[in-house]
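> These are the residues of each chain, in order.
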Amino acid sequence: MAAIVSVVSSTPNAAAASSLSKEKMKLGSCNFNSLLWQGKRPSFATPKSLSKVTMSVATNVSRFESITMAPPDPILGVSEAFKADTHEMKLNLGVGAYRTEDLQPYVLNVVKKAENLMLESGENKEYLPIEGLVAFNKATAELLFGADNSVIQQQRVATVQGLSGTGSLRLAAALIERYFPGAKVLISSPTWGNHKNIFNDAKVPWSEYRYYDPKTVGLDFDGMISDIKAAPEGSFVLLHGCAHNPTGIDPTPEQWVKIADVIEEKNHIPFFDVAYQGFASGSLDEDASSVRLFASRGMELLVAQSYSKNLGLYAERIGAINVVCSSADAATRVKSQLKRLARPMYSNPPVHGARIVANVVGNPVLFNEWKEEMKMMAGRIKSVRQKLYDSICAKDKTGKDWSYILKQIGMFSFTGLNKAQSDNMTNKWHVYMTKDGRISLAGLSSAKCEYLADAIIDSFYNVS
Amino acid sequence: MEARAADRRIATLARHLEASSLKDSHEIVSASPTSSNSSSPSVFNHLARAPEDPILGVTVAFNKDPSPSKLNLGVGAYRTEEGKPLVLNVVRQAEKLLVNDSSRNKEYIPIVGLADFNKLSAKLILGANSPAIQENRVTTVQCLSGTGSLRVGAEFLARHYHQRTVYITQPTWGNHPKVFALAGLSVKTYRYYDPATRGLNFQGLLEDLGSAPSGAIVLLHACAHNPTGVDPTPAQWEQIRQLIRSKGLLPFFDSAYQGFASGSLDRDAEPVRMFVADGGECLVAQSYAKNMGLYGERVGALSIVCKTADVASRVESQLKLVIRPMYSSPPIHGASIVATILKDRSMYHQWTIELKEMAERIISMRQQLFNALKSRGTPGDWSHIIKQIGMFTFTGLNSKQVAFMTKEFHIYMTSDGRISMAGLSSRTVPHLADAIHAAVTRGV
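Heads up: the sequence lines are chains A and B, in that order. If you're matching positions, the first sequence starts at 7 in the numbering used here and goes up one per residue. If you're matching positions, the second sequence starts at 6 in the numbering used here and goes up one per residue.
There may be inaccurate statements among the hints.
[Unchecked claim] Derived DSS-like pairs: lysine-lysine, alpha-carbon spacing no greater than 25 Å straight-line:
#1 B:325 / A:202
#2 A:441 / B:325
#3 B:124 / A:89
#4 A:118 / A:381
#5 A:441 / A:406
#6 A:118 / B:101
#7 A:209 / B:325
#8 B:193 / A:209
#9 A:209 / B:183
#10 A:401 / A:434
#11 A:118 / A:377
#12 A:89 / B:325
#13 B:101 / A:119
#14 A:209 / A:235
#15 B:69 / A:144
#16 B:361 / B:128
Just so you know, the hints here were simulated from the structure itself, not pulled from any lab data.
Please model the complete structure; the sequences and the hints are all you need to start from.
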């Protein structure tokens, strides 16, 4: 007994553990452990099996031992790195979360008002239906398509509340995987970093269509059309409704028509990611025009929505997946299948953010106030965009054309900096951004435009 | 790969052809006003209409019933004696503090959720003095209630664990097999409920877990088994623990009723703590839906107890990779309410009192229903009603009897005979007793 105790009391040696084969590690190590806990000697223990058992105790290794440390998320990891930096000039241009001129997070006034209303009305916290809050679903579809749109009037839209943009995209991906097995999703090159992860995890194959042209720092329109045309018929084409992330480069209205043409021609299914409605131009209707164009052509389409940015509800995780079908009956069936996918994922969605949206959109006074606040946010971003451009032009005497900064729209700007240059931005200038050269203008104050201009010019010209 | 893709397309086409009814083709041909400009059929035509979720669908059916005597004993949501949903006073208090706190914002919370919520949740289930916590061997991530915690845990295991089979009780919560299957695990059952005794089939349980392959995942209900209400005794739990450890099986606890079952948070956590105390590894999915009445806020946590702190930290990093492509980060509101309550002594105490009141009302409903059946002389042994624990009672009624009760008495419950005691009141117990009596005596 003493011999056994002395083996067990020594700390398992990691080196020794790894030198033993996997076979031996599986041998009843837990069994011995539990029996020892009771101070009992295993009754089955013959001298031979005892030695096997004592060896396995020394290899009492976690069953998760072989798991490696995952790298930090490329986007959200930026904020983590920023927090750890103590430099006084540090600037967080990583994640796309709106900041005021004082670089503070912003909770919209209408949101505060809605939350107070909700507190006063003292509603309960019962489970929502699997498809989410009915009032929210109605409001969100109407906001996207317009209340008088025929797709709404004819009840051809299946709307299911989702966990912001990500969750809504994931539900759609799960629907595609189940009902369109083998169908591909075409995503822009580049696109939001998490798109690929979503489709990978949902086991939906994807391929890229050309989008960003580094030579012009603009849209490679011919490449885009060509790649969409070349894809197998019946592919899903992921389109950013407005304010393309990460480039900020959107097709023109004429280009949208041609994109719709080629999608129809190939019987592809348009799949919009709308994370910035109202935030891009300042106008809810204008930012929905690409989606509405496709819907007006009688096309069936998917649209994922998010209220993270336009209502500042980042942490509440509120969005929706909308599927426009050619008939009300199809929409009913699609909705039922989306529910079947949501139930084993999280059962039903969170109520708080949905009620805030329903209260704001459903109340004419609050709705108008919201539109004003949104114009203010979009306006601030447009003005720092202008100021950044002006600062860069004032400092860069080479005559390089930086006007692409002004042409881009939305929260982000694709600086055109490569990975090494982006690293320089962080390492030398303490400017935190993503490695693809994307900066979030929402995190820029006009006071810091000069500093940022210096950093960009240095990185562009002095680092390759 | 190519052949498989082609097979899938053929299978889809076949389903499409099967699904097309005369009705569908009529719609296509007649270009009705409800269809779009396009003359081609919907690309979604092959999607059939899914039936309502068996559990949540009960409420859907209940809502449609115009009868004034209707009773909803379907979904496990607590109701007051007046039959109303309940928001705990301490929850309202916490919410008021949060909404009025001008220093708060709505920025994305970390992928793993709120740090203080996670720490407090681990302490709640494992015990504040748990060595596993003190040794930093536990990783806890905020998830969307119990379902979300189970799903994230299952996805993690499907990717990183060598054994891809999970054993679930027979019967179990209807959503369990779907959660695990969609995560990519294969699902087997182990015997649990004994219809003859309306209690635990302990021998069957030991045999089935005993013949499970080494390393297999085993789903355990921490307390208040859903749907049966039948829990192992402490001595039985100890035997289960020994068996699981001797076979190197991986326990995955579903803890949805801590504090709700017996009224005591510590007592209801005992089985989990027993396993953690032996130094072994396990997973725990926690839900605050019932015990804090936060159903719609979707608050829960997944804890993975590992052998070492180093493993725990690597496991956490991999959990983030599961969560980010699913919903990026969890919702802030419910978790903030929980953290506010758990970290404040007087609010925590207030919570334990309100929790106890809910648990005790349910225990009293059990007694009242039992008494009512006895006084009606309803044939059979109904003692299981007071022996079973938690929100649900597995009545032992079959699906025909259930259908009868719904049709004749407007009682809404799941077809497996499960009733939610939380949906009963002193006022409605007689009606339910009448319904059960009728179902049993009319030889349905």
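> With reference to the structure, classify each hint as holding or not holding.
These are the hints, each one checked on the structure:
The straight-line distance between the Cα atoms of residue 325 of chain B and residue 202 of chain A is roughly 15 Å, inside the 25 Å bound, and the hint therefore holds. Only pairs whose Cα atoms come within 25 Å are accepted, and residue 441 of chain A paired with residue 325 of chain B is accepted, the gap being roughly 20 Å. Among the hinted pairs, residue 124 of chain B with residue 89 of chain A is consistent with the structure: their alpha-carbon atoms are about 21 Å apart, no more than 25 Å. A hinted pair counts as satisfied when its Cα atoms are at most 25 Å apart, and residue 118 of chain A with residue 381 of chain A qualifies at roughly 18 Å.
Between residue 441 of chain A and residue 406 of chain A the alpha-carbon distance is near 22 Å, which keeps this suggested pair within the 25 Å criterion. As the CA atoms of residue 118 of chain A and residue 101 of chain B are separated by approximately 12 Å, the hinted pair is consistent with the 25 Å bound. This hinted pair checks out: residue 209 of chain A and residue 325 of chain B have alpha carbons roughly 18 Å apart, not beyond 25 Å. At roughly 24 Å between alpha-carbon atoms, residue 193 of chain B and residue 209 of chain A fall within 25 Å of each other, so this suggested pair holds.
Among the hinted pairs, residue 209 of chain A with residue 183 of chain B is consistent with the structure: their alpha-carbon atoms are about 17 Å apart, no more than 25 Å. As the CA atoms of residue 401 of chain A and residue 434 of chain A are separated by approximately 19 Å, the hinted pair is consistent with the 25 Å bound. The straight-line distance between the Cα atoms of residue 118 of chain A and residue 377 of chain A is roughly 15 Å, inside the 25 Å bound, and the hint therefore holds. A distance of roughly 19 Å separates the Cα atoms of residue 89 of chain A and residue 325 of chain B; the hinted pair therefore holds under the 25 Å criterion.
The suggested pairing of residue 101 of chain B with residue 119 of chain A holds, with an alpha-carbon distance near 13 Å, which does not exceed 25 Å. For the suggested pair residue 209 of chain A and residue 235 of chain A, the alpha carbons sit about 23 Å apart, so the restraint of at most 25 Å is met. The hinted pair formed by residue 69 of chain B and residue 144 of chain A meets the criterion: a straight-line CA distance of about 21 Å does not exceed 25 Å. Restraint check for residue 361 of chain B and residue 128 of chain B: satisfied, since their Cα atoms lie roughly 19 Å apart, inside the 25 Å limit.
Checked against the numbered hints given earlier, the structure satisfies every one of them.
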